[in-house]
Amino acid sequence: MDTNDFNNTNGVFAHSFSFVIRTIFGLVLLNLLASKCFSQTDSTKTSQDAIYNRPFITIGKSSTAVGGYLEGNTNYFSEDGVSEGFSMEMRRFNIFLYSNIHSRIKFLSELEFEHGTEEIALETALLDFELNPALNFRAGILLPPIGLVNANHDSPKWEFIERPLSSTGIIPTTLSEVGFGLHGKLYQDKTIFAYDAYIVNGLQGNVILNDEGKTYLASGKNPEMFGEDNNGTPMFNAKISLANKKIGEMGLSYYGGIYNSFNLEGNIVEEKRSLHLIAFDLSAHIKKIKIQGEYAHTAVQVPNDLKGLYGSEQYGAFLEFSYPVLKRKIMGFENSVINTNLRAERIDYNVGIMQQTNANIGDEVSAIALGIGFRPSASTIIRLNYRYHLIYNFLGNPPAHLGGFQFGVASYF
Amino acid sequence: MKCALFILVLIALITGLFSCRKMLPQLPEPEETLAEPLEGLTQEQLLLFSLGDANFAHVFSKEQGLGPIFVQTSCEGCHAGDGKGNPFNNITRFGKYENGNWNPLYNQGGPQLQQRAITGYLAETIPSGVSSDELLPMNVTGLGLLEAVPDSTLLALSDSADGNGDGISGKVNWLSPPSYFIPKSDHITLNGKYIGRFGRKASSVDLVQRVTDAFHGDIGITSDHEMTDPFNYTVSGLNGDNVADPEIPFSMLSQTVFYMRTLKAPPRRNIIDPDVQAGENIFIQTGCAKCHVPTLTTGNSEIESLDNKTFHPYTDLLLHDMGAGLDKGYTEGSARSSEWRTPPLWGFGLQEDSQGGMVFLLHDGRAKTVEQAISYHGGEASTANTAFQALSESDKQKLIAFLKSL
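One line per chain: the protein sequences are F and L, in this order. According to my numbering, the first sequence holds residues 8 to 420 in order. According to my numbering, the second sequence holds residues 285 to 690 in order.
Rather than coming from a laboratory, the hints here were simulated on the basis of the structure. In this text, a Cβ means the ideal position worked out from N, Cα and C, and glycines have one as well. Some hints could be false.
To be verified - Stretch-level coverage of chain L by chain F, calculated; a stretch enters the list once three of its residues show a Cβ under 8 angstroms from a Cβ in chain F:
#: 1; segment: 309 to 319
#: 2; segment: 337 to 347
#: 3; segment: 371 to 383
As the list claims (entries may be wrong) - Part of the chain F face toward chain L, derived, beta carbon under 10 angstroms:
#: 4; residue: A225
#: 5; residue: S226
#: 6; residue: N404
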């Protein structure tokens with residue numbers, strides 16, 4: 008270990024904390040200034056509103072509301088001729104509890120039961136204080152907005168049963184964090200500018216040396232992260248997005264900080280290592296086609312002797328098209344819609360070359376998914392999906408082929 | 285337009301559903317894959333095989349005992365698809381001659397280098413003043429057949445004094461087996477030593493030893509047979525990881541050994557191709573088959589599919605002096621540093637599929653083509669090398685076509 012590092016610890020500590028504080032103050036100031044130049048109305052929804060844009064919350068209803076969603080599907084997959092056969096999966100049963108404590112104080116929580124009671128998690132439990140429409144203070148267990156899906160992951164909103172690979176393999180959706188910060192929206196004609204900025208405890212050391220055998224951000228989640236930070240230095244998350252009522256919305260998000268537990272009993276026992284995740288996302292309507300996409304890129308500091316084996320850089324991307332082919336009364340359901348959907352995706356868990364052979368490091372997946380979704384009402388979807396993956400191992404040997412069908416339902420209640 | 289699109293997607297999905305076989309990837313042809321069990325295993329044996337298969341692919345995390353110093357996180361990481369590996373996963377071993385005796389430097393972390401460490405630990409480096417060599421991961425299929433060849437066959441094939449004067453004097457590696465070794469009835473012993481047959485220097489007597497060493501030396505996983513973590517000797521204290529030992533249950537070790545025993549022999553392709561058949565004759569005429577022995581027979585085995593079977597590995601499982609070009613001063617057991625075990629040539633035609641689309645040959649993977657590999661054949665193999673160089677280009681190609689059919 009570098010002795011320099013040792014001496015600097017407290018400095019870095021103080022530095023990162025003051026950075027966060029300065030950023031927050033900066034944002035507040037920016038806001039107050041901006042609120043002077045932008046008009047403020049609260050009529051248009053952006054992805055920032057996703058957590059409140061759920062059917063169980065209706066304005067004018069009593070101050071507390073209960074809702075949720077349910078999601079299940081069947082699977083039939085085969086990888087190079089090896090199939091586990093047909094099986095059914097009760098993916099999620101999530102309960103929301105919402106309360107309008109005051110016209111400007113809101114409470115929201117989400118309790119998730121995954122695969123029955125196999126995994127129970129408190130995904131959200133937060134308070135929102137509206138200081139003014141352009142400036143809200145949020146604290147609690149929150150979903151950091153990274154990319155398109157993490158803060159907007161309710162299954163009934165999506166046309167496909169599986170979440171995009173970039174949103175699970177690169178961005179560790181669903182990532183819940185305990186933290187606090189600010190968010191708000193500013194309006195100018197038909198354009199909306201939204202921002203979010205939070206400090207959170209952050210992912211932990213198992214980003215590497217985990218049971219995936221590769222750099223995998225989702226393995227850095229740890230139930231203990233709701234109790235205390237593993238290294239006493241919080242991570243930072245921010246998203247800005249620009250929305251236009253007619254065209255759509257695009258966002259740029261960041262999440263990162265030091266992930267390893269570098270200090271034990273007050274001694275610095277490891278070098279500090281950080282990770283950075285940047286995502287660009289968009290959603291738009293061109294004529295009747297709905298387009299959604301995301302590009303996510305990670306840079307992870309890996310100890311020198313583990314470089315190569317564990318990727319220092321990763322990326323993932325997807326692009327999805329949905330086209331409503333039928334919009335009318337079907338089997339007595341007024342306003343039902345049938346969508347045809349296509350998604351193309353690719354992720355690379357390890358960007359780099361093998362020094363020994365100068366060849367590209369594999370660890371890549373390319374996939375395509377086709378689907379038909381029937382929405383008898385906007386909050387319910389019945390869908391049939393087909394997926395095909397080409398999975399390249401580390402050495403880039405001829406890929407494994409995975410293909411299969413899924414049929415499922417998801418609905419808000 | 286709308287309707288057309290809808291109907292198209294619907295048709296695609298519905299035909300998909302009804303012709304699932306087309307849209308669900310099928311098994312590769314048996315002659316294109318290594319990862320299959322021996323024919324004729326019972327259901328109980330197939331269960332053990334499947335459990336072993338999963339163990340072989342299992343990735344170890346820090347919490348599960350990986351390291352503290354290690355080379356890879358799973359068997360499959362180095363032996364992708366059960367085939368030969370890529371130089372990215374080469375293992376480095378070191379040691380040194382002291383007064384003519386080989387010292388594997390146990391007290392300095394030898395013989396195997398673990399160049400990676402879990403966080404909070406220091407990875408190993410090669411001590412100064414030692415000899416070292418790199419070893420390419422080997423194909424692990426058909427090993428049960430090789431294991432079941434009686435010691436008497438190896439002794440009969442060996443000719444350490446070159447009694448027949450052909451310049452080839454294969455010898456066996458006599459070794460002191462580990463304490464947990466259980467001899468079989470057909471094992472032959474000499475002054476308490478046994479014959480090694482696995483590894484590039486034939487330094488493991490059986491698959492139990494080889495698999496135990498792989499978990500321990502390659503992944504840093506302790507088992508009932510090896511209870512102490514590998515650790516960095518330059519850091520004081522017996523600094524193992526914080527996971528209780530053994531880090532795997534005995535069943536995991538024995539299932540993995542069973543899996544190694546019961547993977548089928550690599551399949552052949554294009555056997556009736558006239559070039560392949562001509563190439564086989566050239567292979568024999570050039571003297572290759574003196575070491576790369578085409579046919580061996582197993583003795584008695586409690587596994588029916590391995591019991592008294594004749595098979596074609598193209599090895600004699602013996603050590604041969606390969607000359608100075610392949611001698612980097614590193615060795616194991618009673619082998620000399622210029623001596624290497626004849627590698628089986630079965631599976632030769634499928635190796636690109638596990639080596640990352642390229643071919644890497646010889647013990648360290650230095651050769652990229654058959655011609656290069658043969659050009660390094662010195663010592664006992666120089667006659668065969670000279671004979672190969674004298675072949676016409678078309679005969680060389682036929683010989684290569686034969687190797688690719690293996």
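query: For which of the previously enumerated hints does the structure constitute a violation, in increasing order of number?
result: The structure conflicts with hint 4 only, although it agrees with all the remaining ones.
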